[in-house]
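Use these hints to put chain B onto chain A, whose structure you have.
Residues per chain, in single letters:
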Amino acid sequence: AQSVTQLDSQVPVFEEAPVELRCNYSSSVSVYLFWYVQYPNQGLQLLLKYLSGSTLVESINGFEAEFNKSQTSFHLRKPSVHISDTAEYFCAVKDTGKLIFGQGTTLQVKP
Amino acid sequence: DAEITQSPRHKITETGRQVTLACHQTWNHNNMFWYRQDLGHGLRLIHYSYGVQDTNKGEVSDGYSVSRSNTEDLPLTLESAASSQTSVYFCASSVGGAGELFFGEGSRLTVL
Chain A
1 AQSVTQLDSQ VPVFEEAPVE LRCNYSSSVS VYLFWYVQYP NQGLQLLLKY
51 LSGSTLVESI NGFEAEFNKS QTSFHLRKPS VHISDTAEYF CAVKDTGKLI
101 FGQGTTLQVK P
Chain B
1 DAEITQSPRH KITETGRQVT LACHQTWNHN NMFWYRQDLG HGLRLIHYSY
51 GVQDTNKGEV SDGYSVSRSN TEDLPLTLES AASSQTSVYF CASSVGGAGE
101 LFFGEGSRLT VL
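Chains as they are written, first to last, in our numbering: chain A, 1 to 111; chain B, 1 to 112.
In isolation and in its complexed conformation, chain A is listed as follows:
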């Protein structure tokens, strides 16, 4: 079975600084990877996904993630964060139709 490890439970960062949220998954022949974001008291929303093709995927609000097969990683990055990016971020891998989630990383953006 697939598994996902998010290496940081909390990431504090100042506004306009770059950030990286780390995610590693267990290896598989083919893999679908996702990043979801959860704002306070809300459900999860899809941020971006990797299914196939280009290893670099982007979201509409400036986040990007790179699929690295050799390192079994799918780290999320943003070159300059905003206060509004404060949220919980979940990495997930698809395993026979269902999503397996990591433990989550709390991104705390400070002014």
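Bear in mind the hints are in silico, worked out from the structure with no lab data behind them. Even glycine gets a Cβ: it sits at the ideal position worked out from N, Cα and C. Any given hint could be a false lead.
Stretches of chain A that chain B covers, calculated by requiring three or more beta carbons in the stretch to come under 8 Å of a beta carbon on chain B [as the list claims (entries may be wrong)]:
no.: 1; region: 43-57
no.: 2; region: 91-102
Pair by pair, the computed Cβ-Cβ distance ranges are [claimed, not checked]:
no.: 3; chain 1: A; residue 1: PRO79; chain 2: B; residue 2: SER80; range: 36 to 42 Å
no.: 4; chain 1: B; residue 1: GLU59; chain 2: A; residue 2: SER30; range: 17 to 23 Å
no.: 5; chain 1: B; residue 1: PRO8; chain 2: A; residue 2: ASN61; range: 27 to 33 Å
no.: 6; chain 1: B; residue 1: ASP54; chain 2: A; residue 2: SER3; range: 20 to 26 Å
no.: 7; chain 1: B; residue 1: GLY51; chain 2: A; residue 2: SER30; range: 20 to 26 Å
no.: 8; chain 1: B; residue 1: SER84; chain 2: A; residue 2: GLU58; range: 39 to 45 Å
no.: 9; chain 1: B; residue 1: SER84; chain 2: A; residue 2: LEU7; range: 24 to 30 Å
no.: 10; chain 1: B; residue 1: SER69; chain 2: A; residue 2: SER59; range: 33 to 39 Å
no.: 11; chain 1: A; residue 1: GLU66; chain 2: B; residue 2: THR5; range: 32 to 38 Å
no.: 12; chain 1: A; residue 1: ASN61; chain 2: B; residue 2: ILE12; range: 32 to 38 Å
no.: 13; chain 1: B; residue 1: LEU112; chain 2: A; residue 2: ASP8; range: 30 to 36 Å
no.: 14; chain 1: A; residue 1: GLN42; chain 2: B; residue 2: ILE12; range: 20 to 26 Å
no.: 15; chain 1: B; residue 1: LEU112; chain 2: A; residue 2: GLU15; range: 37 to 43 Å
Using the frame of chain A, we list chain B on its own:
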């Protein structure tokens, strides 16, 4: 617009009581899922269904049950609520294959 709704959004109950959390989606998705979210554990899969009359156990299914009598609904039942089941519960649905999951707003359950 299509959506997925959960009810109730908040519930307080007592140990030993039966509780049912409702999940209704209008996406016409075949796949539906129940997760629980706890600090330090992320989201853990409780039960899931790939279609009408199909149900499957996830990694934390003990003490929970689901039934799928139509495409739109997957109610989650706690047969005899325990304090360890205090959590936030999320329902989700997907079209299948590589399709993304769409989540409800969550149901916060407190078992006293």
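Here is how each hint holds up against the structure:
no.	hint	result
1	43-57	holds (count 6)
2	91-102	holds (count 7)
3	PRO79(A) - SER80(B): 36 to 42 Å	violated, 51 Å
4	GLU59(B) - SER30(A): 17 to 23 Å	holds, 22 Å
5	PRO8(B) - ASN61(A): 27 to 33 Å	holds, 32 Å
6	ASP54(B) - SER3(A): 20 to 26 Å	holds, 25 Å
7	GLY51(B) - SER30(A): 20 to 26 Å	holds, 23 Å
8	SER84(B) - GLU58(A): 39 to 45 Å	holds, 40 Å
9	SER84(B) - LEU7(A): 24 to 30 Å	holds, 27 Å
10	SER69(B) - SER59(A): 33 to 39 Å	holds, 37 Å
11	GLU66(A) - THR5(B): 32 to 38 Å	holds, 35 Å
12	ASN61(A) - ILE12(B): 32 to 38 Å	holds, 36 Å
13	LEU112(B) - ASP8(A): 30 to 36 Å	holds, 34 Å
14	GLN42(A) - ILE12(B): 20 to 26 Å	holds, 21 Å
15	LEU112(B) - GLU15(A): 37 to 43 Å	holds, 41 Å
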